[in-house]
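Undergrad: Using the working numbering, the first residue of the sequence shown is number 43, and each one after it goes up by one.
There may be inaccurate statements among the hints.
[Stated by the list, open to error] Derived DSSO-like pairs: lysine-lysine, alpha-carbon spacing no greater than 30 Å straight-line:
#1 LYS45 with LYS62
#2 LYS111 with LYS87
#3 LYS45 with LYS74
#4 LYS112 with LYS62
#5 LYS111 with LYS74
#6 LYS62 with LYS74
#7 LYS87 with LYS112
#8 LYS87 with LYS45
#9 LYS112 with LYS74
#10 LYS112 with LYS45
#11 LYS74 with LYS87
The set of hints was computed from the structure by calculation and includes no laboratory data. All of these numbers come straight from a predicted model, not from anything done at the bench.
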Amino acid sequence: MPKFVDARGRSCPEPVMMTKQAIDSFDGEEIKVVVDTRVAVENIKRYVQNQGFNVEDGEYEGDFSLLIKK
């Protein structure tokens, strides 16, 4: 089961900082991040990829989810 970060309703850079905290404690388990803006998706994707992780994103009922893994 992936770690879960719910950053809906948060303004940037807070979703990126919450994602950073999850990555800092990365133990090999996937991380799922949920946000509610496209800007947050793009900022998180850029950060995650710069840290050497892979990320897949999708949209469901107005929210966006990102699955982060090594």
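Undergrad: Look at each hint and say if it fits the structure.
TA: Against the structure, the hints come out as follows:
1. Taking the CA atoms of LYS45 and LYS62, the gap is about 13 Å. The hint holds against a cut of 30 Å.
2. Between the alpha carbons of LYS111 and LYS87 the distance comes to roughly 12 Å, so the proposed pair stays at or under 30 Å and holds.
3. Between LYS45 and LYS74 the CA atoms are separated by roughly 6 Å; this keeps the pair inside 30 Å, and the hint holds.
4. Between LYS112 and LYS62 the alpha-carbon distance is near 14 Å, which keeps this suggested pair within the 30 Å criterion.
5. Between LYS111 and LYS74 the CA atoms are separated by roughly 9 Å; this keeps the pair inside 30 Å, and the hint holds.
6. Restraint check for LYS62 and LYS74: satisfied, since their Cα atoms lie roughly 12 Å apart, inside the 30 Å limit.
7. Under the criterion of a C-alpha separation no larger than 30 Å, the hint pairing LYS87 with LYS112 is consistent with the structure, at around 13 Å.
8. Restraint check: the Cα-Cα separation between LYS87 and LYS45 comes to about 17 Å, which is no more than 30 Å; the hinted pair holds.
9. Between LYS112 and LYS74, the direct Cα distance comes to roughly 13 Å. Compliance with the 30 Å bound is thereby established for this hinted pair.
10. With a CA separation close to 13 Å, the supplied pair LYS112 and LYS45 stays within the 30 Å bound.
11. Distance hint between LYS74 and LYS87 is fulfilled; the C-alpha atoms sit about 12 Å from each other, no more than 30 Å.
Of the hints listed earlier, there is not a single one the structure fails to meet.
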